[in-house]
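S.K.: Given next are the chains, with one letter for each unit.
There are 2 protein chains.
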Amino acid sequence: MRPIIPLLMALLAGASIAARAADTPPARLVILDDDGFSLAQWMVLKAKDVTVLGECTVSGDVWQKEATAQALRGLEIAGRTDVKVYPGATYPLLNSEKLTDRWEALYGKLTWRGAWMKQWVEPTKQKLPPYHGPDVVPDLPQGNPHTRPADESAAAFMIRMVHRYPGQVSIVETGPMTNLALAQKLDPQFASLAKELVYMGGSLNPRRVLASPESADFAREFANSPRREFNIRFDPEAASITMRAPWRRIVMVPVDPSTATEMSDALVKRLSAADTPIARALRGPASHFPLWDEITTAVWLDPSLITGSHELYIDTNTAFSAGYGDILSWTPGYQPDLDEQREQVVLSVDVGRLETLMVGLVSRP
Amino acid sequence: MRPIIPLLMALLAGASIAARAADTPPARLVILDDDGFSLAQWMVLKAKDVTVLGECTVSGDVWQKEATAQALRGLEIAGRTDVKVYPGATYPLLNSEKLTDRWEALYGKLTWRGAWMKQWVEPTKQKLPPYHGPDVVPDLPQGNPHTRPADESAAAFMIRMVHRYPGQVSIVETGPMTNLALAQKLDPQFASLAKELVYMGGSLNPRRVLASPESADFAREFANSPRREFNIRFDPEAASITMRAPWRRIVMVPVDPSTATEMSDALVKRLSAADTPIARALRGPASHFPLWDEITTAVWLDPSLITGSHELYIDTNTAFSAGYGDILSWTPGYQPDLDEQREQVVLSVDVGRLETLMVGLVSRP
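Residue numbers (the numbering used here), protein chains in the order written: chain W, 55 to 419; chain C, 55 to 419.
By construction, these hints were calculated from the structure, which means they are not laboratory data. Heads up, a few of these hints could be off.
All copies of an identical chain are treated as equivalent in the list; a pair is satisfied when it fits inside any one copy or across any two copies.
Pairs of lysine-lysine residues, derived as DSBU-like cross-links and limited to a Cα-Cα distance of at most 35 Å, are as follows [stated by the list, open to error]:
1) K239 <-> K119
2) K163 <-> K249
3) K239 <-> K163
4) K239 <-> K179
5) K100 <-> K152
6) K172 <-> K138
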């Protein structure tokens, strides 16, 4: 009879979330999945009428264990240790550091290799992160976490949540899609039971927009490879599995809208002005990064920030060739009809309103 | 002893071209290779101080036999039957109509299939050319030719010319590169003996610039496949062989500069105003095509028309996958160093001066 107890608990938890006064909008349920932790996640944690069911982690920019530590520490700073961290995949499905070396020998150097980055090809204003193995967790700039991750894997947790709240859970993915692919292959109902997938990943036809020297550094990532973006390129097979799963709705935030945005000195000043733990944690030198992940959580929080988008069929090239991990897109009518899905592809956002939203959220007590 | 006679003739022919008064620039020697015949070729035929050694033809937009008929007729209209037409390859090296059907089933519909085009995917303002086999030559709008092509193949002719005038022959390619690849594999010295290769082909990151409805039709070709262009996609293996050959100099004219140009009503009016055979032949409804080939011959005639270009290493993706025939490019330092060459990639041209040059050339008596 044991299985009945978790089931009852689940029903009660669902009821407690649904039971609100008629004039209060029901809380939006979201799972965040990322290869790190940043302002993007804090924004969601501070938003009204949002319930973060859990923070999942995956390898990408850094190894999963480091991403998990970052997420734990981020939640501590936000005073939200009620939200649990679910560790996800350490390795991509097929891709590996060795395969990346071989791929580069055949097809040319990548600008960014994430956890496998050893050196820049050209001088850049970005810092070179330390190179280490998957089990090493360097000391975090914000201090090391005191809390511990959950015992459940990211994929198992996400499957459990979409069954508990069918049609209600948004998944906001800002890292490689390894956990999503594992969840879909563990449970073919997974994607269809979620409310939607909103992800930062891929690239269509981005163009440099800003004048800063850092924007020139980031333009190197797409000038000669307009369809390549790191989150997707790190685990192309997981991306294709995820993109061909039967989601009710998919919103793609590719590199394209991010080239008009930057974590500038001025923006850091505005973000860190308030006397809140998050605002204090944001103080320091500006990264000048495009706001890839912040755009993604922002358009989930407020879709009216989107000023331009296309409806396209999307998949990922999984052939181990020069285009490995490249985004494939089709105007409706041209797609091969091999389960690729129609996605809303965000091409531009209202940058002024985006920044105002970001500042407002991190300034909340 | 027979071989001596052609050799002597060759030496004499070379001498006659080189022997000019000291104040006269030596004629520039050029071979034109195309999957048709158009204004682009007439421009070169009317240019001063240029010797067109021959017109080569290849399958692409139309089959080689039709392209050969077009070239013969074009030379007759220009009163230049002294220039011979050398028929080239009928079929690409590996690609075929059947393979294209299979590729589309896996990776989605192409917008343009050239000689293999049966129907448009979407309604377009472009005419649907008649579908027929390689040996059918439909009646030409400009009338059928009365002259006949040479007995020598395009590849053999080009090899012969670069040996006769080492370091002096420019090759201007405005169709698929099948003949160039055959020439290079017939004679490994071929590319290194030419002066330069200037070609229309490939695509980097084009963007729609003009407002005409036709420019929207042509933008369909690159919106979802920024690296795909027909000349290269029709014979990707030939393109890669050609691009990895040891040319002294390569100038690439991709789709990118063409989006700012159009064979508009106004331009047709200017081009057809003079009372010359070519101007008269240009009368009729405007095609509204981008000036792909005209840019290419124009920047060979006058490189100062180029307003923006990059030096990039270039190759073609030959993996039979979604990226088959896509352009691969690398900023120096990122290339894999597998014999890909550094090319001058034309990104923009002075459209006003381009049009003036075109009008001036076709108006010459």
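S.K.: None of the hints should be skipped; say for each whether it holds.
M.R.: Each hint tested on the structure:
1. Only within a single protomer do K239 and K119 lie at most 35 Å apart by alpha-carbon distance; the minimum there is 23 Å, versus 53 Å between protomers.
2. Taking the closest pair of Cα atoms, K163 and K249 come within 35 Å of each other only across two copies (31 Å); inside a single copy the shortest separation is 38 Å, beyond that limit.
3. Taking the shortest Cα distances, K239 and K163 sit within 35 Å of each other both inside one copy (32 Å) and across copies (29 Å).
4. With identical chains, the CA atoms of K239 and K179 are never at most 35 Å apart, being 40 Å at best within one copy and 45 Å at best between copies.
5. Taking identical chains as interchangeable, the C-alpha atoms of K100 and K152 are never at most 35 Å apart, the minima being 40 Å within one chain and 57 Å between chains.
6. Proximity of K172 and K138 under a CA criterion of 35 Å is satisfied intra-copy only: 32 Å inside one chain copy versus 57 Å between copies.
Of the numbered hints given earlier, the model fails hints 4, 5; all others are met.
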